[in-house]
Amino acid sequence: MKRIFALISAAALALSLCGCAGSQVSDEIDRDAVLEEFGLDPELFSDYDYSRLKDEDITLNVANWGEYMSINDDESVDVNEAFEALTGITVNYKTVASNETLYSKLLSGGATYDIVIPSDYMISKMIKEGMLQKLDFDNIPNLAKIMPSFLNPQYDPDNEYSVPYLWGMVCIIYNTTMIDGEITSWASLWDEKYAGNILMFNNPRDAFGIAQAYLGYSLNTESKAELDRCAALLKEQKEIVQGYVMDEIFDKLEGGSAAIGPYYVGDAVTMCDDNPDLDYIIPAEGTNWFVDAVCIPTTAENKEAAEMYINFLCEAEIALANCDYVGYSTPNAAAYELLDDEVKSDEKRYPSDEFLAENTEVFINLSDETNAYMQELWTQLKVDNSNVWFVPLFLVCLIAATVFVNVRRALKKKRDSY
Amino acid sequence: MKAPRSLAIPYAVWVLIFTVVPLALVIGFAFSDTDGKITLENIFAMSDYMAVLFRSILFAIAATVICLVIAFPAAYIISRANAINRSTLVVLLMVPMWINFLLRTYAWMTLLEQNGVINRLLGLIDLGPYQLINNSGAVILGMVYNYLPFMILPLYSVMVKIDQSIIEAAQDLGSNKIRLVRKVLLPLSMPGISTGVIAVFVPSVSTFIISRMLGGGTNDLIGDIIEMQFSGNSYNPHLGSAMALVLMIIVLFMMSLFNQFGSEEDVQL
Chain W
0 MKRIFALISA AALALSLCGC AGSQVSDEID RDAVLEEFGL DPELFSDYDY SRLKDEDITL
60 NVANWGEYMS INDDESVDVN EAFEALTGIT VNYKTVASNE TLYSKLLSGG ATYDIVIPSD
120 YMISKMIKEG MLQKLDFDNI PNLAKIMPSF LNPQYDPDNE YSVPYLWGMV CIIYNTTMID
180 GEITSWASLW DEKYAGNILM FNNPRDAFGI AQAYLGYSLN TESKAELDRC AALLKEQKEI
240 VQGYVMDEIF DKLEGGSAAI GPYYVGDAVT MCDDNPDLDY IIPAEGTNWF VDAVCIPTTA
300 ENKEAAEMYI NFLCEAEIAL ANCDYVGYST PNAAAYELLD DEVKSDEKRY PSDEFLAENT
360 EVFINLSDET NAYMQELWTQ LKVDNSNVWF VPLFLVCLIA ATVFVNVRRA LKKKRDSY
Chain H
0 MKAPRSLAIP YAVWVLIFTV VPLALVIGFA FSDTDGKITL ENIFAMSDYM AVLFRSILFA
60 IAATVICLVI AFPAAYIISR ANAINRSTLV VLLMVPMWIN FLLRTYAWMT LLEQNGVINR
120 LLGLIDLGPY QLINNSGAVI LGMVYNYLPF MILPLYSVMV KIDQSIIEAA QDLGSNKIRL
180 VRKVLLPLSM PGISTGVIAV FVPSVSTFII SRMLGGGTND LIGDIIEMQF SGNSYNPHLG
240 SAMALVLMII VLFMMSLFNQ FGSEEDVQL
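Protein sequences appear in the order of chains W and H.
All letters in the first sequence, in the order written, are residues 0 to 417 by numbering that gives the first Met the number 0.
All letters in the second sequence, in the order written, are residues 0 to 268 by numbering that gives the first Met the number 0.
Chain W extracted, bound-state conformation (with noise of 0.2 angstroms):
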């Protein structure tokens, strides 16, 4: 006993000398050699101090979704690897599912995160119920970097809050060899040539959105009589649908199992690769326009460092690393310039700023009422069924279930009896 004691004693002061030495070396960050190691250009780096927190043994809690980032991947710079290299900080990256999940987890206070990166509705949402706090841009002074079309958005309209990260549009991906003629217009995702071979998306404001998007109503109406018009669209639909989707797309286009699905252009782009017969088009009526942005919870235990983060994620080199990993477009005007022209001039993933203007419109958040009413009738679309046999056939089947019982306690009862 005594001498597993000594051992654990010893092996504890052997980590603890190496953690000392470890802080030592970690006491003069050479800026140019980390940024060397992992294959970065000094120069088109930002003169930022990053490593003015190394010595405070600060980690921070960063959310996304899955596969958004650059990381765990051989051909590309490993971003958080990067930052933590150059800043001493220890990034604690999580994933979440979705803005919902992402919502519903600050709300209830079970996660800390001192970045997170919702969706321009979910960003007005969290603005307005105090969940984020204002940015310190003296800390971010690569927001210069932004494109100046996506400052001042809709969702955050004084640009206090967030700082764009990545967007893109929604788009319909088709198998050319299963569809003749062209694809213009949502119209196709009603197409009763395709019942049987369509896919939808698996959430209400997504699919409500395309309904939206089809009747040319705006999509952030706040009208129950047009949502009521959406919901008889999508009901119609549901007749041809062959299921509702959200990442699952990816399989079932790939592998030829459906013909025609919305989803968003950065993931067509991947499955275009994947599968060569696979294309894709906005079509003519009009999208939606996502950008994700980073924000900073109110709950945030460390605002600088974050902050930090932040202006690490808009160094060029950076988000563009970003931006070729995930195959979303980016916002950052000095990333865009390092990109291939041949990207540069693709109009799904880069259109112009008219074309966004006239043929594109952002989510922002509902109200209440709204999100309620369209979550309603997205369960009522989900959950009907014609066939109302249900309730008495398991009605009946119980009262059967109850006359046996009591019948067989009978019997034996007076069998007993004997």
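One thing to keep in mind: the hints can contain errors.
Mimicking DSS-like on lysine-lysine, the simulated pairs with C-alpha atoms at most 30 angstroms apart in a straight line are [claimed, not checked]:
| hint | chain 1 | residue 1 | chain 2 | residue 2 |
| --- | --- | --- | --- | --- |
| 1 | H | K176 | W | K411 |
| 2 | H | K36 | W | K127 |
| 3 | W | K413 | H | K182 |
| 4 | W | K302 | W | K104 |
| 5 | W | K234 | W | K192 |
| 6 | W | K412 | H | K182 |
| 7 | W | K413 | H | K176 |
| 8 | W | K93 | W | K133 |
Just so you know, the hints here were simulated from the structure itself, not pulled from any lab data.
Once you have looked at the hints, place chain H on chain W.
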């Protein structure tokens, strides 16, 4: 020797923190609104979802019955095998359970898709393609596949204790096979059946991932609707809790009914 009561304290604390308190929270949420006022509105709102609730229960019953029909002979065969074969068979049964639940369900998607493995094989002999996924059959299949071991294992552990001499005695006294199962095996394995039924029925009735993956979002069950209240467009833990509570009460009621049915079968040896 009687164990001192103090040994139970850790379990009591555990149950208090992780069962009683959450349950109280669910009840609290179910009977209040966003302003914190007490209301029955959430319970009344449940009437809109009765159809989907009953459908979930029917699916779960179907899955449970199918599991029972498959598991009963399987457990009997395993329990009558010799000791070496028996442990091999049990391990074989457990192996799929070592693989992550989601992965196993994902594998079924690959098999059942219109362009999936099964349809491609059928295509080789000029059959199909059949619509195998995104329907209620696929959802029930997913439940049966995922929860079958939970039926076989309790049945097996009860059956393995049935003395071979009892079976032989029944046969000596002229019992045919059907009578043997009905009068000897079934009553003696009743404790295993009731454990198995609960172990399959309860997770089946509340599943949401199986219906999403194999039902293609067109066969939503009550679990999906509850999940939607928490991570959907509008965050409504009050309605979600009310649904969970109603589901729990119905399941409790059904279980007690089933247990009564089972207790009739109890045979004193």
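Pair hint outcome, K176/H versus K411/W [Cα-Cα no greater than 30 angstroms]: holds, 24 angstroms
Pairwise hint evaluation, K176/H against K413/W, where the allowed Cα distance is 30 angstroms at most: holds, 28 angstroms
Restraint check for K93/W with K133/W, where alpha carbons must lie at most 30 angstroms apart: holds, 23 angstroms
Proposed proximity, K182/H with K412/W (alpha carbon, max 30 angstroms): Measuring from Cα to Cα gives roughly 19 angstroms; hence the hint holds.
Agreement of K36/H and K127/W with the hint, judged by alpha carbon distance not exceeding 30 angstroms: Cα-Cα ~23 angstroms, so holds.
Holds or violated: K302/W to K104/W, with C-alpha atoms at most 30 angstroms apart: holds, 19 angstroms
Given pair status - K182/H, K413/W, alpha carbons within 30 angstroms: holds, 20 angstroms
30 angstroms limit on alpha-carbon distance, applied to hinted pair K234/W and K192/W: holds, 17 angstroms
The structure fails none of the hints (numbered hints given earlier).
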